[in-house]
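**Student:** Spelled out from the first residue to the last, the chains are:
Protein chains: 6
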Amino acid sequence: MKSPFVKDLAADQVITGFFLVQEKEVRNTNTGKPYLRMELGDRSGSVEARMWEQFEACAKTVNRDDFVKVHARVEIYRNKPQLSLQQFRLAKPEEIDLADFLAHTPFDVEEMYRQLLSDAEGIKNPWLQKLVLKILRNPEIEVRYKRAPAAKVMHHAYLGGLLEHVVGLCGLAKLVALHYPELDVDLLLTAAMLHDVGKLDELCYERSVSYTTEGQLLGHIVMELETVAKAMEEIEGFPAKLKAVVQHILISHHGQYEFGSPKLPMIREALVFHYLDDMDSKVAAVRSAMTIESGEEQWSAYSGALGRKFLRLERYLASEPDNATKKEAKN
Amino acid sequence: MKSPFVKDLAADQVITGFFLVQEKEVRNTNTGKPYLRMELGDRSGSVEARMWEQFEACAKTVNRDDFVKVHARVEIYRNKPQLSLQQFRLAKPEEIDLADFLAHTPFDVEEMYRQLLSDAEGIKNPWLQKLVLKILRNPEIEVRYKRAPAAKVMHHAYLGGLLEHVVGLCGLAKLVALHYPELDVDLLLTAAMLHDVGKLDELCYERSVSYTTEGQLLGHIVMELETVAKAMEEIEGFPAKLKAVVQHILISHHGQYEFGSPKLPMIREALVFHYLDDMDSKVAAVRSAMTIESGEEQWSAYSGALGRKFLRLERYLASEPDNATKKEAKN
Amino acid sequence: MKSPFVKDLAADQVITGFFLVQEKEVRNTNTGKPYLRMELGDRSGSVEARMWEQFEACAKTVNRDDFVKVHARVEIYRNKPQLSLQQFRLAKPEEIDLADFLAHTPFDVEEMYRQLLSDAEGIKNPWLQKLVLKILRNPEIEVRYKRAPAAKVMHHAYLGGLLEHVVGLCGLAKLVALHYPELDVDLLLTAAMLHDVGKLDELCYERSVSYTTEGQLLGHIVMELETVAKAMEEIEGFPAKLKAVVQHILISHHGQYEFGSPKLPMIREALVFHYLDDMDSKVAAVRSAMTIESGEEQWSAYSGALGRKFLRLERYLASEPDNATKKEAKN
Amino acid sequence: MKSPFVKDLAADQVITGFFLVQEKEVRNTNTGKPYLRMELGDRSGSVEARMWEQFEACAKTVNRDDFVKVHARVEIYRNKPQLSLQQFRLAKPEEIDLADFLAHTPFDVEEMYRQLLSDAEGIKNPWLQKLVLKILRNPEIEVRYKRAPAAKVMHHAYLGGLLEHVVGLCGLAKLVALHYPELDVDLLLTAAMLHDVGKLDELCYERSVSYTTEGQLLGHIVMELETVAKAMEEIEGFPAKLKAVVQHILISHHGQYEFGSPKLPMIREALVFHYLDDMDSKVAAVRSAMTIESGEEQWSAYSGALGRKFLRLERYLASEPDNATKKEAKN
Amino acid sequence: MKSPFVKDLAADQVITGFFLVQEKEVRNTNTGKPYLRMELGDRSGSVEARMWEQFEACAKTVNRDDFVKVHARVEIYRNKPQLSLQQFRLAKPEEIDLADFLAHTPFDVEEMYRQLLSDAEGIKNPWLQKLVLKILRNPEIEVRYKRAPAAKVMHHAYLGGLLEHVVGLCGLAKLVALHYPELDVDLLLTAAMLHDVGKLDELCYERSVSYTTEGQLLGHIVMELETVAKAMEEIEGFPAKLKAVVQHILISHHGQYEFGSPKLPMIREALVFHYLDDMDSKVAAVRSAMTIESGEEQWSAYSGALGRKFLRLERYLASEPDNATKKEAKN
Amino acid sequence: MKSPFVKDLAADQVITGFFLVQEKEVRNTNTGKPYLRMELGDRSGSVEARMWEQFEACAKTVNRDDFVKVHARVEIYRNKPQLSLQQFRLAKPEEIDLADFLAHTPFDVEEMYRQLLSDAEGIKNPWLQKLVLKILRNPEIEVRYKRAPAAKVMHHAYLGGLLEHVVGLCGLAKLVALHYPELDVDLLLTAAMLHDVGKLDELCYERSVSYTTEGQLLGHIVMELETVAKAMEEIEGFPAKLKAVVQHILISHHGQYEFGSPKLPMIREALVFHYLDDMDSKVAAVRSAMTIESGEEQWSAYSGALGRKFLRLERYLASEPDNATKKEAKN
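Chains as they are written, first to last, in our numbering: chain A, 31 to 361; chain R, 31 to 361; chain H, 31 to 361; chain S, 31 to 361; chain L, 31 to 361; chain V, 31 to 361.
Certain hints may be false.
Pairs count within a copy or across copies, as identical chains cannot be separated in the list.
Stated by the list, open to error - Derived pair list, reagent style DSS-like, types lysine-lysine, alpha-carbon separation capped at 30 angstroms:
#1 Lys164 x Lys99
#2 Lys54 x Lys182
#3 Lys260 x Lys37
#4 Lys273 x Lys90
#5 Lys154 x Lys90
#6 Lys271 x Lys54
#7 Lys37 x Lys164
#8 Lys271 x Lys32
#9 Lys339 x Lys54
#10 Lys273 x Lys32
#11 Lys339 x Lys122
#12 Lys160 x Lys54
#13 Lys37 x Lys273
Quick caveat, the hints were computed from the structure, so don't treat them as lab data.
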C-alpha cells in the first residue's frame, strides 16, 4: 500500500509519494509571478500543492488524470495542509497500484467471480447457461467485471462494487425463488448477471469513477442490450422468444420510465428482479451513509440516493432519554 | 358445501338453495303491476331473481346483506339464467357457511396460525416477543386474524388472505435477514405480524368485503397504532425508544406519502420491510391476474393494482411464431 | 374495391360479399337451441351476423381474423342492420384486397417510397447514406415500410401512415435545416428515416392494427436499435462514434422518459428532430380529429392523443354570434 | 310554476305542458317506417318522447334548445315513462319561465344584489369603489350577474349561484379582515366582486349551463381582465399601480398554475382571497353532494369537484355501531 | 433583558455577558499552536469567539448547547466583530432567561392561555369540552403549550408561536362558524386546540428549535393521536364514534398525503379546519418574510415556506413609477 | 466601443474608463477606518473597486445602476484584479453607449426590423395586417422592440434578442406553412410578431436585464393581452371572433399551464406556433451553452434552461477513442 495517504499528512513532514493529478494550472501571484498550482489526490482525500520555482519543465510532462511521484514539504495554510513541491515527475505504471487511488470492495474479487461462475454453471436452462457463461468467460469482460463500480455515487460506488452487488443479487434471487415457487430461478440469475453489464462501458473507472461519453449518450441499459444481443447471435439456435424475454427483463429492470426503463416489468420475474435490485441498491446506500459521521449522534449522514438520513438503531436504543423526555421525567 | 352455486344453474332446473341478497327492490311492470326484483349471489357469481305473485310478506322480512333460502325455477332471459322465485325465507345462521359466499385462501388457516405463533415464539427480543404474542394470543384478535382478507381488491382479497400474506412475509423476512447480516430479524418479524393488524377493523368481511366507516375515516395504519400502543402499555416496562421504533416501522410501511404513510422509512428494517411487503403484494396481484383468462392467449387479465397485464411466460415460449414472425420467415 | 361495405348495408338486401371475422362464438337461444354468432367487419365498420341452421360444418373452418365470403340477408334488429347468414366459407387469399379492410393513406405509396429513396440518396455523409439505403433497399423491410401504420390509435393510424409520416418529416427536416445553419441535415434525414423502423415489428397490421407480443415487451425504440445495429455492423468500417450518435438520436426521439425514451436529447439534431416528430404527430392527430363530426358545430371530435378538442376555425369565424354575444348585441 | 314536471309523470296520464328539446332526431323502425324521437327536459329531469304519425311538419319548426308545448300520453316502456306525442309546437317566449328549466339559488336574487351594492358602497378607497360600482351598476352586467351560475358542474351550479357565491365571499372577507388587521378589506371586497365577472361571458346559461366558444378559448380570468381594464380606463386618473395590483389579484385567484392562474398570489390580499374563494367553493360542493342520497346511509354522494365523498356527521353519530363494532361488542 | 446582544457588539468594547454555545472546537494555528474556537449566540444573532491562552480548563466544562458567561474584548476581523475571550464559565440556570436566546411571540402568553381556556369552556358538547380541558389543564402540557413554537422554520417559529397560532385559529373558527351555519363550532374549536399538541414533543425548544428523534420518526400527527387517545380513554363513556370523528380531523388536517396526512378531510369541519390552519400558517409566513429587508425595496424577503417573495403593497403604491414606466412617460 | 473592458484589465495598469455601478457600500477596515467599496461592471464581466481616501463627496453623487467614469490603478488581490480608485464621477448620458454594458445580438437591428415590417406587410388578412402594423409602427414600441432581450436568462438573453427571436420565428412560420397547407400563415406570423410584445414591459433592460415589478405581478402574456386589445379596439370593425382567436393564440403559446399559459392550444395554428416558439428558444439556449467552455472537452456548459449539457458533435466525432475504447482496442 502506498504511503503516505493524504489523510495522514502532518505539518512540517517532508514526504515522497504518489498522487493523482486532479487539477493543474499555472497562476500568477499578486506581484505577477507565475507559479504552478495542482490538486493532488488519492482514495483518502485531496490536497493543494504549489511549486514556486522552476516548475515549467515538470509541468509540461503531466496532465490531469496522470499519476505523479512528488517530493514535497507539508505546510499548513489557513488551517489546512498544503504541499510545497520541490520536485515531481510522471509516475511509471508499475509504480502505481490503482487500488490506492480508488476505494474498493472489502470482499475478495477473485473469490466473488468464482462464486458467480459457479452460480452461472448452476443455471439449468441450457440457453441461458450458455448465454451467461459466454459473457462471463469472455476475458475482456471478466477483467472489467472484476473492477467496475456499480455506480458513480449512488451505491457500491467503489472498485469491485458491481461484482459485489451482482453476487449479492444472485444469493437473494436463489432465496426468493425458494419462497415463490412460481418463479423461474434461471431467469432471475440471468437477470442478476447481465442487468448491469452495460456499466462496464457506461462508466470509466481507470483512475476515478466518471461516465464515458458513450455512457452519457446511451446509458448502460442500451449498451448492454447490444452486448447481450451479440452473444445471443453467436449461440446457434438461441430461441427468438427467449431472447425477447431476456431483453424485456433487462430494459425493464429500473422499474419506472423516469429511471430510464423504456418498458415497465410485464413478466413476473422482471417484476421481482426489479424489487431485488432496487432493495439491494438501497440497502447498500444506507450502509454507505452509516459509515459517515454526520455530527448528529443518532443519525447517519444524509443519503443523496435515498433523500434522507437513517437512524443509528443501536445508538438510539442505548441513548439517554433526550431533552424532551428528560423534561417529561422531571415533571 | 352449498349446492347449487350460481355458476352451475342450468335452464329449467328447479332448485332449493341459499344465497346472499345483494340488491332488493319492488318495481312495476309496464302495466303497472308490482313485482319483486332481487340480485342473489354467492362466491361463484350473482343472478337476477324475480317474484311475481304474493311476494309482499316474504319481501318484508329480508334486507340487503341477508342470507335467504329460496325455492325457484331457472329460466333463461336474454341468454342469461334468471330465477323465478316460488318461495323464500330468511336463512338461519346455522344453515349458512360463510365460506360459500366469500372466496377463501387455499391454505389451511389453523395451520398457518400455528406457524405464525411459532414464528412469534422464535423472536429473541423479549419485549417484541411479548408484544406480538400478547396481540396474536388475544382470542378476539385471533378469530378475526384467521378470517380477514388482506384487501378489498388489490391483493389477497379473500378470507384468510391477510394471514396468508403475513405468514409469507415472515418466511421472506427470515430469508432476507440471513442474507443481510446487519438486519434485526426480530424487528422484521414484528413488522410482518403487526403491520396490517389495523385491517381487522378497517375492513368488514362478514358477508362481503367492504370498508367500515371507521376504516374509511382512519385507515388501518392509524387503527393499528392504537391497538399496538395499548398492548405496549399493558406490558410493564416496555422501553419507550423501542416503542417509537416499532411505531415508526408501522407508519412508514407504505413507503410513500401518497400511499398514506405519514413518514418515510428512516430505519433500515423499516426500509427493507417496506420492500418485502410491497413485493409480496404485487406478486400476489400478478398471481390473481394470471387466474383470469383475458381473451388474449399470451396475457393475463389487466391488473388494476399494477396498472398493466402480465405475460404468460410458458404459453408465450411454447407458442407458434406470431404473424409478424411468420411473415419474416416466409420472406 | 369490394362491395358492399358495411356502412352501405340496407334492409332486406340479399348480399354476397367478403368480411373479416372479428368475433365468433356459438350461443344458445332461451330455449336452449344453439346458433352461430359472429361479428363481421371491413374498413367502414362492423355488423352482427347470425346463422341459425346447419352452421356447424362452416363454423369449424373459420376463426377470428379470417376472411370469409358470405351469402346473407340484411335484417334490421333494434334499429341496426344484422346479417342472417345463409352460407359462408373461408375466403381465398386472392379474393381479398387488404386495403378494403384497413384504412390507408390517401397518398401514393410507391411514389412516397421513391421520394424517400431519393432523399436518402441525397444524404452526403457516405456512412449515413449507406446505412439508410441498406435498410430502405432491403426488400423485406421495403414491403412492410410501405404498409405499416404509424400507430394503432394516436396518429397516422392507417396503412401507409408510417411512410406518409416519414416522408413528411424528411420534407420538414430539409426546411428546418435551411433555417438553422448549425444543423446537420444528414443526421436529421437519417433520424426521420430510421426513428420508427421498429414499428414494422412492434405493430401487427395484417388485418387490423394491434401490437405484437414482442412489440409490447420491447417497444419500437429497442426493436429498431437492433435492426440498425445489424445494418451498421454489415457496413465495414462504420465509425464507432457516429454509431453512438445515431443510436442516441433514435433512443431520445420521444423527448421524455415517461414516453419511453431512456435518454433525453443531448445532441442538437436529436433535440430538433424530437420537436419535428412530435409536432408532425400532433398535427396529424388534429387532422384526424377534424374529420369526425362531434355534434358540436364549431369543434372537432375529442382527440385522445391530445387530450382536447380543436376549434374548427373557418366555421367559427363564419358563424353567427352565439347566444352570449347575441344577448349583448340586443342590450 | 310549470306543471307537470318530468319527475311527476305518471302512467296513462294525458298531459299538456312545456319542455326543453335536448335532443331531436328522425329514426326508422325495423320495418323502415320513420318516426320522430326527442329527449325532452326540465329542471327536474328528462324523458324520451316519440311521435309516430304526421310529425314531419311539427318537426321542422323546432330545434335542439328550443322550448316546446306538447300534448301527449305517458306510457311506460322498459319500466320508464315515455311520452307518446300527439301534438306539439314551439313555445312562445312569454309562456316560458326559465327558472322551471334551470335550478336556481334558494336566496332572493334582488335582495342579494342590493347587499352587494351596499358592500360596494362601503369600500373606502375611492378608486376601488368607483371601479366596482361602475361594473355592478352597468345594467347589462347587472342583468347577467343576477342570473349566472358560478360553474357548470363544480359548485353553485345553478342560476344565481355566482351572486350567492360572491355575496358569501364579501361576508367572509369582512370577517377575515377583522381578524387579520394587516389586510386591506377594500382589496378583498374588490376581489370578491370582480374575480368571476368573466363567467358572465364564459358560461352560457340561457337554457342550460354550458361554455361559450369564447369561454373555452379564453377562460373567465382572461375575459374579466378585459372587462375590468375597460372600466379602469373609463375612470380618469385611475392609478397605474393600483391597476396592476387589482389585475394581479384577479389573475392569481386560482392559486396554482394548473388551475389556470398564470401567476401565483404575491400580494397578501391575493393569497388570502385565494383561500377564501377556494374554501367557499369547496364548502358549496360538499353541500351539494350532501343533498344527494348515495345509497350509503352514512355518506354523501361522491363529489367530482372534491374527488371524494363526505361523512353525514349527524347520521353517523346517531347510528348503531356497525358490524365490526357489533362483533367486538359481542365478544 | 440580557446585555449586550450580539447585534449590538461594537469594536474595542470590553464586555461581560451570557451566550449560548452553538459550536465548540479546538483548532491549530498554522504554526501548530492550539486555540479554542466557539460560535456564541443569542436571539439576535451569532459571533465567533477565540481564546488563545489557558483555555483548556474552561473548555472542558462546557459543551454545545450550554450557556456561558464570558469576559471578552470585541475585535473586528475581516470586517466582522469577533470575541477575544479572556475568561468564561458555565452559566448558572438562574442567570439565564431563555427568552433572551430564542425569539418569542409579541403577545402575552398567560393572557393567551386564559383566552384559550375560556374558549374551551365555551364548547357546548360536553364530551369535547371535557376532552380539551383535560388536556389543556394538564399542568405538564400547559407549561409546554405556553412555550412551544409552531414550527422550526415555516411559520410562528418562535417561543409561544404555537399558542399564538392556536388562539388565532380559535378566533377564526368562531367567525367562520357564524358564516356557515352548517358547521359545528365545537368540532372546529377542538380541532384548533388539539391539532398541533403533538408538536410539544415533536420539537425540542429548550435552547434552540430542533426536532427530537421521536419527532423525526413519528411526526406530530402520530404523536398527538396517542396523547388525545389517552385523554379520551380516561373520560368514562367517551363515545366511540365521536372519538373516530376527532381522530379523523386530527390526521387529515394537513389536507394532502404529501404533507403527511394519511387521510384526506372527509368531514365538513375537517375540510374547513384544514383551510383555516393552512391560511393562518401562510399569513404568518408572509408576515415573517415582510419583517426582513431583502435588498429589493418593493419586495419582502424570499419565503421558503411559500416558495416566493411578496409585494410590499404600501411601498409599491407610494413608489415613483419605475424605469419602464418613466420611459413611457417621457416618450 | 469603450475601453478598457473588465476582461482586459491587467496588473499595474492605470486606466480611465466607464463602468456600471452594480453595488455600492461604505465599509470599515478592521481598524475602523471607513472606505468605499463598489462592484463595477460592463458586458464583459465585473470587478471590485475600492477607494480609501476622500471618497465621501464622490460617493454621494452615485447610486447603484448609475454609470461612472473612473480613474484608477489595477491591482491584484487574491489572484484577481481590483481597482484602486483615485477619482470618479457620474458619467454623462452622451458618454455612454449602452451596448458596451449589455451584450447584444450579432445581427443588425435595423435590418431585422425592416425584415419584420416587410413580413407584416405580407400578411394578407387585412385585419391582422392592420393589427400588427399598428403595433410595430408605434414609435414607442419600435424603440423598445429593437432593444429588448427575449429573456433574462433562458434564451436570447441580450439586447436585440427578442427581435432576433421574432424574425427567426417569422422565417420558420413561412417555411412550416408551406409544408402544412392547412395552416393559415397570417395567424402564424401574427403570433410570432405579438407573442412576446409583453416582454417590452415585463423586462427592464436599461442597464442590465431584470424584471419590472409589474412584470413580476402580471407576466408578459397578461401584459401583451392589454396592448393588443387596445390596438384592436382602435381598429374600427375588428371582428370579435378574430379577436378571440388572436387572444387564444397569445395566451396559449407557452403550451402548458405550469409555464403560465391559462389555456392549452385549441386552434391548429396555436399548437404549431407553440412548437415553433419552444423549439426556437431551445435551439438558442443550446447555442448559448455551446459558446461556453465547460472544462469537459466534448460537452457544452450545463444549460439551466434545458436541464442538461449538449454534445459538441464535431469535437466528439473528431476525438481519439476515449479510455474505455482505448482499453477495448488494446485487448
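**Student:** Run every hint past the structure and note whether it holds.
**Tutor:** Going through the hints against the structure:
1. In this assembly of identical chains, the alpha carbons of lysine 164 and lysine 99 never lie at most 30 angstroms apart, being 41 angstroms within a copy and 53 angstroms across copies at closest.
2. Only within a single protomer do lysine 54 and lysine 182 lie at most 30 angstroms apart by alpha-carbon distance; the minimum there is 23 angstroms, versus 34 angstroms between protomers.
3. Within a single copy, lysine 260 and lysine 37 get their C-alpha atoms no closer than 45 angstroms, and across copies no closer than 51 angstroms, so neither meets the 30 angstroms cut-off.
4. Neither within a single protomer nor between protomers do lysine 273 and lysine 90 lie at most 30 angstroms apart by alpha-carbon distance, with minima of 52 angstroms and 35 angstroms respectively.
5. Taking the shortest alpha-carbon separations for lysine 154 and lysine 90, neither the intra-copy value of 57 angstroms nor the inter-copy value of 41 angstroms comes in at or below 30 angstroms.
6. Taking CA atoms no more than 30 angstroms apart as the test, lysine 271 paired with lysine 54 passes between copies only; the shortest distance there is 29 angstroms, against 53 angstroms inside one copy.
7. In this homomeric assembly, lysine 37 and lysine 164 never come within 30 angstroms of each other (Cα to Cα): the closest approach is 43 angstroms inside a single copy and 53 angstroms across copies.
8. In this assembly of identical chains, the alpha carbons of lysine 271 and lysine 32 never lie at most 30 angstroms apart, being 52 angstroms within a copy and 38 angstroms across copies at closest.
9. In this homomeric assembly, lysine 339 and lysine 54 come within 30 angstroms of each other (Cα to Cα) only across copies, at 24 angstroms, whereas the closest approach inside a single copy is 35 angstroms.
10. For a Cα distance limit of 30 angstroms, the shortest separation of lysine 273 from lysine 32 qualifies neither inside one copy, at 47 angstroms, nor across copies, at 41 angstroms.
11. In this assembly of identical chains, lysine 339 and lysine 122 lie within 30 angstroms of each other by CA distance neither inside one copy nor across copies; the values are 42 angstroms within and 35 angstroms between.
12. For the homomeric pair lysine 160 and lysine 54, neither the shortest alpha-carbon distance inside one copy (48 angstroms) nor that between copies (44 angstroms) is at most 30 angstroms.
13. For the identical chains of this complex, lysine 37 and lysine 273 are neighbours neither inside a copy (50 angstroms) nor across copies (41 angstroms), given an alpha-carbon limit of 30 angstroms.
Checked against the numbered hints given earlier, the structure breaks hints 1, 3, 4, 5, 7, 8, 10, 11, 12 and 13 and satisfies all the rest.
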